[in-house]
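Protein chains: 2
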Amino acid sequence: MAVYTDITDEELATLLADFDLGAPLSLKGVAEGVENSNFLLETEAGRFFLTIYEKRVSEADLPFFLGLMGWLAAHGYPSAPPIPARDGELLKRVRGKPCAIVAFLSGLSVRRPTAAHCREAGRGLAALHLAAEGFTLTRANNLGQAAWSPMFASLKADAEGLKPGLAAQIDADLAVLAAGWPQGLPTGVIHADYFPDNVFFQAGRFAGTIDFYFACCDALAYDIAVALNAWCFEADGSFNITSARALVAGYEALRPLSDAERAALPVLAHGAAMRFFLTRLHDWGATPAGALVRPKDPLEYERKLAVHRSSPDLVLFGAPASANASAGKPS
Amino acid sequence: MAVYTDITDEELATLLADFDLGAPLSLKGVAEGVENSNFLLETEAGRFFLTIYEKRVSEADLPFFLGLMGWLAAHGYPSAPPIPARDGELLKRVRGKPCAIVAFLSGLSVRRPTAAHCREAGRGLAALHLAAEGFTLTRANNLGQAAWSPMFASLKADAEGLKPGLAAQIDADLAVLAAGWPQGLPTGVIHADYFPDNVFFQAGRFAGTIDFYFACCDALAYDIAVALNAWCFEADGSFNITSARALVAGYEALRPLSDAERAALPVLAHGAAMRFFLTRLHDWGATPAGALVRPKDPLEYERKLAVHRSSPDLVLFGAPASANASAGKPS
Chain A
1 MAVYTDITDE ELATLLADFD LGAPLSLKGV AEGVENSNFL LETEAGRFFL TIYEKRVSEA
61 DLPFFLGLMG WLAAHGYPSA PPIPARDGEL LKRVRGKPCA IVAFLSGLSV RRPTAAHCRE
121 AGRGLAALHL AAEGFTLTRA NNLGQAAWSP MFASLKADAE GLKPGLAAQI DADLAVLAAG
181 WPQGLPTGVI HADYFPDNVF FQAGRFAGTI DFYFACCDAL AYDIAVALNA WCFEADGSFN
241 ITSARALVAG YEALRPLSDA ERAALPVLAH GAAMRFFLTR LHDWGATPAG ALVRPKDPLE
301 YERKLAVHRS SPDLVLFGAP ASANASAGKP S
Chain B
1 MAVYTDITDE ELATLLADFD LGAPLSLKGV AEGVENSNFL LETEAGRFFL TIYEKRVSEA
61 DLPFFLGLMG WLAAHGYPSA PPIPARDGEL LKRVRGKPCA IVAFLSGLSV RRPTAAHCRE
121 AGRGLAALHL AAEGFTLTRA NNLGQAAWSP MFASLKADAE GLKPGLAAQI DADLAVLAAG
181 WPQGLPTGVI HADYFPDNVF FQAGRFAGTI DFYFACCDAL AYDIAVALNA WCFEADGSFN
241 ITSARALVAG YEALRPLSDA ERAALPVLAH GAAMRFFLTR LHDWGATPAG ALVRPKDPLE
301 YERKLAVHRS SPDLVLFGAP ASANASAGKP S
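So the sequences go chain by chain: A and B. Numbering-wise (the numbering used here), the first sequence opens with residue 1 and increments by one. Numbering-wise (the numbering used here), the second sequence opens with residue 1 and increments by one.
Think of the hints as simulated: they come from the structure by calculation, not from any bench. In this text the structure is predicted, and so the values were computed from the model without any measurement. Heads up, some of the hints might be wrong.
[Said to hold, decoys possible] Among the chain B residues that face chain A by a calculated CB cut under 10 Å, a handful are:
id	residue
1	T14
2	A17
3	E35
4	A103
5	F104
6	R111
7	R205
8	S311
9	L314
For glycine and all other residues, C-beta sits at the position ideal for the given N, C-alpha and C.
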């Protein structure tokens, strides 16, 4: 929920002069996306999103993000492609900041996903992984497992401030994750932020994915782990086995998991909880009191960490092997 | 810039079940309007604005506002009418708060209006006054001249905090305004917040007006005074005579002013500056440090007050009588 950069009608006219989109008809700042400034732009050619990239997005990564968005749309994935300017460029500048115009994608995100939504979301995630095959640009996951310990080094006091004793607990988690982190799993382009607010539905069916600004190359199953944390916890902190099973089944309907991927889901989910705990902890401490953005509560992910720590098998119930006798008994 | 109330997909579906607008296709929180929560809503029937009324808007006033919006659109004024529900009601509730669905109005507001924009804006304001003739509901101006002294009584310390000596200066202004406030001018429905961000243009021509949530019944010329303050000051605080003259000329092209109205413009403009100074001073003091809304600077209107206080004739240059010899010499 943020508009960091505001632009004038003159600046908009100057920008649009580089595009074949006709005259602007309306421009509305949208309370969406914490990382960038987003505007819903209507021109004579239709509706678009204008995104101005703020400092948290590295400009060097933008060709990967925009290239991926174009690639996915061109390969049949329901996502919003960037619109090239007349000179073929996807990236322009406004007020000295990089910006892009992206097609408008219809759809509604769900606030409280049902198991049926989770199945659809899983299918949409597998479709993303398959559609991205062949995309040649790469981007390392700079928020992946190797980054967590260095990141936490400067956040220990914040963790203790949240909850006394938490710093030692996180250190112990980090050691477990470092020792058990899976190697050699199938890799590819992952969304890395596949949360309900980034997934659109129409009439209950998966209808598209937005916000590719964390996309990177990593283990595909890690993306499932991120999604299990984001989609399958109830508001009271309990893990919904039915939703998890539906999400993985939806995924496997398009891309079956290998045994190694399935076996890795518990540690991947533990790690995915760590990644969002750490970035939320960082933002929590770094957000000034008067800021327009309300940071997300790091304790939500601290509770998810605790679930994975104490019940590592839990996630496996979401991914029953064909002859998994325990599938029937949610713990 | 505020979304105070967020609504879920289920709440939206429940609301839309009362309307003949088909299924929802997208919903975006819009960073627009400080008083209400606004969403750009797309359904199978088209595009709309969903507004949820927050505590600052009195629910008892909503029939006036919504009725006026419907009246204006029905009488050819470019504005967005509310959409009746199946039961004919304009007002519904979501999360216990009143809400309405309003048509989408295309257009872009201008950030730095030129004299040509001011002429168009003046024409649009006169058209509003004429289109509203015959609208039978009434609403007193609860932010009119009679309200200012009582309002300031509780804000003196805030004024002194802004600028030592300011409280006595404002008290003196209030006495001047009370003594000289014009009576018997032509009255009607006024917009009362006719600022550049509430006026749309297309290709340089006036294209519509939004945000009628301060509309009320008062002297029509007071609306011009509000607009002169909002449109005709430069960023450096100077009053742009050319813009003021264009605004009044644009207005008079549709609705010529009486001599009494023209003569009253200086005190009306002084008073209009007082009204916005006082509400901004109130919001400045009342906004908690962590709020999502950045209050507007009351000092901007304190400077406008000072201009009208020291050069009461200035505004008259914007409204030359047919034989006004002083029209040619901006002071």
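Hints, one by one, checked against the model:
1. T14: Violated - the Cβ of T14/B stays beyond 10 Å from chain A, reaching only about 13 Å at its closest.
2. A17: violated (14 Å)
3. E35: Check failed: Cβ of E35/B comes no nearer than 15 Å to chain A, outside 10 Å.
4. A103: Check failed: Cβ of A103/B comes no nearer than 13 Å to chain A, outside 10 Å.
5. F104: holds (8 Å)
6. R111: holds (4 Å)
7. R205: Constraint on R205/B not satisfied, violated at 12 Å.
8. S311: Since the shortest Cβ distance to chain A is 29 Å, the answer is violated.
9. L314: Status violated, d = 27 Å.
Checked against the numbered hints given earlier, the structure breaks hints 1, 2, 3, 4, 7, 8 and 9 and satisfies all the rest.
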